[in-house]
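Student: Chains as they are written, first to last, in this note's numbering: chain A, 1 to 284; chain B, 1 to 284; chain C, 1 to 284; chain D, 1 to 284.
A portion of the hints provided could be inaccurate.
Same chains, same label: a pair holds when it works inside one copy or across any pair of copies.
[As the list claims (entries may be wrong)] As a list, the in silico DSSO-like pairs of lysine-lysine whose alpha-carbon atoms are at most 27 Å apart:
| no. | residue 1 | residue 2 |
| --- | --- | --- |
| 1 | K88 | K252 |
| 2 | K148 | K163 |
| 3 | K41 | K272 |
| 4 | K88 | K163 |
| 5 | K272 | K109 |
| 6 | K252 | K163 |
| 7 | K272 | K148 |
| 8 | K163 | K41 |
| 9 | K109 | K148 |
| 10 | K88 | K206 |
| 11 | K41 | K148 |
Hints are computed from structural coordinates only; laboratory data are not their basis. This structure is a prediction, so every number in the text was calculated from the model and none was measured.
Protein chains: 4
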Amino acid sequence: MRNTARLLIACPDQRGIVAAVAGFVAEHGGNLLDADQHTDKEHGEFFMRAAIEREGFGLDRNTFAAAWEPMARRFHMQWSIFWGQPLKRMAVLVSRQSHCLIDLLWRWKSNELDVELPLILGNHPDCADVARDARVPFEYCPVRPGDKARQEQQVLGLLADAKADFLVLARYMQILTPDFVRTMPNRIINIHHSFLPAFAGGSPYKAAYERGVKMIGATSHYVTDDLDAGPIIAQDTVPTSHRDTIDDMVRKGRDLERLVLARAVHLHVADKILVSNNKTVVFD
Amino acid sequence: MRNTARLLIACPDQRGIVAAVAGFVAEHGGNLLDADQHTDKEHGEFFMRAAIEREGFGLDRNTFAAAWEPMARRFHMQWSIFWGQPLKRMAVLVSRQSHCLIDLLWRWKSNELDVELPLILGNHPDCADVARDARVPFEYCPVRPGDKARQEQQVLGLLADAKADFLVLARYMQILTPDFVRTMPNRIINIHHSFLPAFAGGSPYKAAYERGVKMIGATSHYVTDDLDAGPIIAQDTVPTSHRDTIDDMVRKGRDLERLVLARAVHLHVADKILVSNNKTVVFD
Amino acid sequence: MRNTARLLIACPDQRGIVAAVAGFVAEHGGNLLDADQHTDKEHGEFFMRAAIEREGFGLDRNTFAAAWEPMARRFHMQWSIFWGQPLKRMAVLVSRQSHCLIDLLWRWKSNELDVELPLILGNHPDCADVARDARVPFEYCPVRPGDKARQEQQVLGLLADAKADFLVLARYMQILTPDFVRTMPNRIINIHHSFLPAFAGGSPYKAAYERGVKMIGATSHYVTDDLDAGPIIAQDTVPTSHRDTIDDMVRKGRDLERLVLARAVHLHVADKILVSNNKTVVFD
Amino acid sequence: MRNTARLLIACPDQRGIVAAVAGFVAEHGGNLLDADQHTDKEHGEFFMRAAIEREGFGLDRNTFAAAWEPMARRFHMQWSIFWGQPLKRMAVLVSRQSHCLIDLLWRWKSNELDVELPLILGNHPDCADVARDARVPFEYCPVRPGDKARQEQQVLGLLADAKADFLVLARYMQILTPDFVRTMPNRIINIHHSFLPAFAGGSPYKAAYERGVKMIGATSHYVTDDLDAGPIIAQDTVPTSHRDTIDDMVRKGRDLERLVLARAVHLHVADKILVSNNKTVVFD
Numbered sequence: 001m002r003n004t005a006r007l008l009i010a011c012p013d014q015r016g017i018v019a020a021v022a023g024f025v026a027e028h029g030g031n032l033l034d035a036d037q038h039t040d041k042e043h044g045e046f047f048m049r050a051a052i053e054r055e056g057f058g059l060d061r062n063t064f065a066a067a068w069e070p071m072a073r074r075f076h077m078q079w080s081i082f083w084g085q086p087l088k089r090m091a092v093l094v095s096r097q098s099h100c101l102i103d104l105l106w107r108w109k110s111n112e113l114d115v116e117l118p119l120i121l122g123n124h125p126d127c128a129d130v131a132r133d134a135r136v137p138f139e140y141c142p143v144r145p146g147d148k149a150r151q152e153q154q155v156l157g158l159l160a161d162a163k164a165d166f167l168v169l170a171r172y173m174q175i176l177t178p179d180f181v182r183t184m185p186n187r188i189i190n191i192h193h194s195f196l197p198a199f200a201g202g203s204p205y206k207a208a209y210e211r212g213v214k215m216i217g218a219t220s221h222y223v224t225d226d227l228d229a230g231p232i233i234a235q236d237t238v239p240t241s242h243r244d245t246i247d248d249m250v251r252k253g254r255d256l257e258r259l260v261l262a263r264a265v266h267l268h269v270a271d272k273i274l275v276s277n278n279k280t281v282v283f284d
Numbered sequence: 001m002r003n004t005a006r007l008l009i010a011c012p013d014q015r016g017i018v019a020a021v022a023g024f025v026a027e028h029g030g031n032l033l034d035a036d037q038h039t040d041k042e043h044g045e046f047f048m049r050a051a052i053e054r055e056g057f058g059l060d061r062n063t064f065a066a067a068w069e070p071m072a073r074r075f076h077m078q079w080s081i082f083w084g085q086p087l088k089r090m091a092v093l094v095s096r097q098s099h100c101l102i103d104l105l106w107r108w109k110s111n112e113l114d115v116e117l118p119l120i121l122g123n124h125p126d127c128a129d130v131a132r133d134a135r136v137p138f139e140y141c142p143v144r145p146g147d148k149a150r151q152e153q154q155v156l157g158l159l160a161d162a163k164a165d166f167l168v169l170a171r172y173m174q175i176l177t178p179d180f181v182r183t184m185p186n187r188i189i190n191i192h193h194s195f196l197p198a199f200a201g202g203s204p205y206k207a208a209y210e211r212g213v214k215m216i217g218a219t220s221h222y223v224t225d226d227l228d229a230g231p232i233i234a235q236d237t238v239p240t241s242h243r244d245t246i247d248d249m250v251r252k253g254r255d256l257e258r259l260v261l262a263r264a265v266h267l268h269v270a271d272k273i274l275v276s277n278n279k280t281v282v283f284d
Numbered sequence: 001m002r003n004t005a006r007l008l009i010a011c012p013d014q015r016g017i018v019a020a021v022a023g024f025v026a027e028h029g030g031n032l033l034d035a036d037q038h039t040d041k042e043h044g045e046f047f048m049r050a051a052i053e054r055e056g057f058g059l060d061r062n063t064f065a066a067a068w069e070p071m072a073r074r075f076h077m078q079w080s081i082f083w084g085q086p087l088k089r090m091a092v093l094v095s096r097q098s099h100c101l102i103d104l105l106w107r108w109k110s111n112e113l114d115v116e117l118p119l120i121l122g123n124h125p126d127c128a129d130v131a132r133d134a135r136v137p138f139e140y141c142p143v144r145p146g147d148k149a150r151q152e153q154q155v156l157g158l159l160a161d162a163k164a165d166f167l168v169l170a171r172y173m174q175i176l177t178p179d180f181v182r183t184m185p186n187r188i189i190n191i192h193h194s195f196l197p198a199f200a201g202g203s204p205y206k207a208a209y210e211r212g213v214k215m216i217g218a219t220s221h222y223v224t225d226d227l228d229a230g231p232i233i234a235q236d237t238v239p240t241s242h243r244d245t246i247d248d249m250v251r252k253g254r255d256l257e258r259l260v261l262a263r264a265v266h267l268h269v270a271d272k273i274l275v276s277n278n279k280t281v282v283f284d
Numbered sequence: 001m002r003n004t005a006r007l008l009i010a011c012p013d014q015r016g017i018v019a020a021v022a023g024f025v026a027e028h029g030g031n032l033l034d035a036d037q038h039t040d041k042e043h044g045e046f047f048m049r050a051a052i053e054r055e056g057f058g059l060d061r062n063t064f065a066a067a068w069e070p071m072a073r074r075f076h077m078q079w080s081i082f083w084g085q086p087l088k089r090m091a092v093l094v095s096r097q098s099h100c101l102i103d104l105l106w107r108w109k110s111n112e113l114d115v116e117l118p119l120i121l122g123n124h125p126d127c128a129d130v131a132r133d134a135r136v137p138f139e140y141c142p143v144r145p146g147d148k149a150r151q152e153q154q155v156l157g158l159l160a161d162a163k164a165d166f167l168v169l170a171r172y173m174q175i176l177t178p179d180f181v182r183t184m185p186n187r188i189i190n191i192h193h194s195f196l197p198a199f200a201g202g203s204p205y206k207a208a209y210e211r212g213v214k215m216i217g218a219t220s221h222y223v224t225d226d227l228d229a230g231p232i233i234a235q236d237t238v239p240t241s242h243r244d245t246i247d248d249m250v251r252k253g254r255d256l257e258r259l260v261l262a263r264a265v266h267l268h269v270a271d272k273i274l275v276s277n278n279k280t281v282v283f284d
């Protein structure tokens, strides 16, 4: 994956885009490894992810934009390219619970997650030990009553210092302000401990238990201003029964949360997600 | 299954209920094939399903109630017993779509569903052919504007004539009135084309599409006054992606609906469901 | 789907194929709706499915091959194109059990399966009624002991008369001879009532029951000379428990078989399957 | 769970067992919280798990056996009882891979697994760090060529010193000898990285990849003399596609392995598993 550039494109749908992109890549000696597309007929939008072998490709991070610009203008493209290296820098924001954090750390140590992990932040100190065992710097950023703005400034400063490219909320129990969210559009990944839009809000397992549902779920999504309503990246469900107490549901839910969050982070790291109209196109 | 009596019990939790019930059965020469229990600690309630081999059991439909009554009084039980035979009589109420009906008919013909099926009713005539091919009487009961009460009286009359024990709404698109629901408590089974409580209401696939969910679901539940909020019997989900159009979601949903409804009917027919506090205890 | 031509390509992997194909389509005024690719690095093979809007495309079934030939030669392509219309003609071969047949018929009648269905054949007469109710011709082709060759000739003759494009074995319990299979390579779809390669052979549910498995599965595959070892198209599993009798497993298995076979037929009809090295590439 | 005694019974099926057991418990002042049964009609065997509240129960670990003996003799029972406390003592045996071990450790630290964890053993030193971070003793027990017997003696000695009640093979890549297995019947839990019996043997993911399967699985089972053929406790599957490389399959498989092994350990710890005829009865 480190030897592959990923080009993401969104533009109004019209004929010839794939041919034009594929032709451009070929013209510069590149090998097109994958070229996923999707057309949203409802909105007349076209989405594409092109994976280009870097070896042999005549363009690099310094020269690509200039060469590509005419194409982008011709098709009114929004686009971005990621060169595989240097690796994306991931920061993780936690509260008290560690299960999602531990899971991410294990995947990172096992080379499943091809990222740098320069920083873990917590509004509680509970996960400091987990971070220390993993030899990742931990910063304690408590939220003092009535002063969330100050804490968010602290977090943003630390993220900037760590040069974090994206932020994973690994069961972070605070609501981020619109000001914070605005600084990292489609680069904050949350895990919601519920099958959204069912049981949006604070105590979904309790709500699910009281409703007597036969399955519970988890949802990973990008964070937007509208709480719990951001573009969904991944979801999954697991059966429950009347024998499950709320604690059992929480336990089953934790297993799901870990897997669903990891899947979302994986997709983000591989530049497989495009966002439009508050929905994701996921080229998996 | 036809040679097994099923006794369902709900009562305040206390010591010795299982022993008392099992002792009663043994005392009358019965063989206890299964004795599932569940204690709802939150509400202090006890639930039990006892399956008793009829062969050798000294009690029958005429003598059971009198013999059992002291036990029922001692533990303040709500109880019911079903003797395996004669079979339960199932009626099916449909609108235009036939997929759930066809599925139920096929299972019935394959001896998967151990019921009599004396009657299919429709507020549209569309499913008449399906019923005729299956050699089951079909009654057309249209809803005239402003006169739903009259149609429900017609349906109730036909159900009474057919001696129907329970009613399956196989994608019936009308809302039943509380008066109707009251006549068959916990004996009307609905399939909701959604993963309740997400997307409750009329066009869940459209809502799910617009929300960009990565899974859709279906929910089967008993019908209560509160639309879409009755006790859930069975649920399931299936993955979707950005490539799925609304039509694709509808198609995937239909497959789910058929399976989930069939599962719920199966459980009901085998007397494996107890209802309490608007939740089900399902001994599967 | 009827307005879309589907071009399937397999060739040795090299640079520039996507660009060349996309360029070809654009040059002839075509709109490339989808262009899925897959590179099998292990074998150095490239696979592509291009969906081309027929409206505006300057080539048709009469002119395409000549225009395309230079491209095919240049990249050493194996290729095929399907024009969306006329519809593919599906024949179904059954034995005694009807559940898969009924399911296919229902999907066909519901316009889920965009095919012509000119013929159902059975080596037993049991499904004749189902065929008649669906108004599809049924041919009874019994296998007389020691004379399977003759029956297969009869079947092949009827398939030819019906101009069948592909054949679905909907729980057909006879083994086809290599001679038969050779006439329809990658155009005979089977449903195996097991999670291959586990419990290949004749009584998989019994074998699964005796092994005490906690899940059973179903596998749909193209038929090859090597019994049950053809390229897998679709698989799925469902949980079981010690409470399931063999009959329960059969019943759960039937539900799976229907769904998995329908999924495979769907993919075949939409020209989404390529076969290589006895494996499928499925662009779903 | 610590306040609940669990009584497991297996005996020839006959009338009145539930009544007798429930009566015994009631007679000694016990509250029967759960009384799951299963009758294996094929072999005429009866299985039961009774969960008894310890508070109020007139028997304890010193007095139970004498009081119970007449019942056991009358019904020819094999039985065991576990008193909830002291906790079961779990040892874990690993090789190089740590993902299952890390998962078990996390669940143990999160109080999901109600066990003591006195010892981790490895035939490679790779997991020593993980054990140290978790503050659990680690013993390195290498297998020298031609001298497995000596290593197994070492392991058995360490298990005895640690008073281990059961042993979890968390991706242990050595085959245990029958002599070893015999010392802990139905108390060694293995995770097999495949969907048994498909792809039993050494490189299941490679085999699955080459067969082109669309799902992979994992199986947890008790270890018996017959390699990979012991009683299955839990299984699960996950979808794959042609896009998955062997590495992807291994990665997906690891996630499954962790979950399936944890589920099996959970069931064992809660005394919810009975074994008979090389199959499990799992009261979950």
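Student: Taking 27 Å as the upper bound on the Cα-Cα distance, should K88 and K163 be classified as within, between, both, or neither?
Tutor: Within one copy only: 10 Å inside, 47 Å across.
Student: If the cut is 27 Å between Cα atoms, do K272 and K109 qualify within a copy, between copies, both or neither?
Tutor: Intra 22 Å, inter 35 Å, cutoff 27 Å: intra-copy only.
Student: At most 27 Å between alpha carbons: which applies to K88 and K206, within, between, both or neither?
Tutor: Neither: 37 Å inside a copy, 30 Å across copies.
Student: Between the shortest in-copy and the shortest cross-copy C-alpha distance, which are at most 27 Å for K272 and K148: within, between, both, or neither?
Tutor: Neither. Shortest intra-copy (33 Å) and inter-copy (48 Å) distances fail the 27 Å Cα cut-off.
Student: Indicate which option fits the pair K148, K163 if close means a Cα-Cα distance not exceeding 27 Å: within, between, both or neither.
Tutor: within (22 Å within a copy, 51 Å between copies)
Student: Is the C-alpha distance from K41 to K272 at most 27 Å within one copy, between copies, in both cases, or in neither?
Tutor: Both: 20 Å inside a chain and 20 Å across chains, each within 27 Å.
Student: Reference check for the pair K252 and K163, CA-CA at most 27 Å: within, between, both, or neither?
Tutor: neither (35 Å within a copy, 30 Å between copies)
Student: Go through the copies and call it for K41 and K148: within, between, both or neither, with a Cα cutoff of 27 Å.
Tutor: Neither: 42 Å inside a chain and 40 Å across chains, both beyond 27 Å.
Student: With identical chains treated as interchangeable, where does the CA-CA distance between K163 and K41 reach 27 Å or less: within a copy, between copies, both, or neither?
Tutor: Cα proximity of K163 and K41: none, with 38 Å in one copy and 35 Å across.
Student: One pair to classify: K109 and K148, alpha carbons no more than 27 Å apart. Within, between, both, or neither?
Tutor: neither (33 Å within a copy, 31 Å between copies)
Student: For the identical chains here, do K88 and K252 meet the 27 Å Cα criterion within one copy, between copies, both, or neither?
Tutor: For K88 and K252, the Cα distance is within 27 Å only across copies (22 Å; inside one copy 31 Å).
Going through the hint list in order, the structure does not satisfy hints 6, 7, 8, 9, 10, 11.
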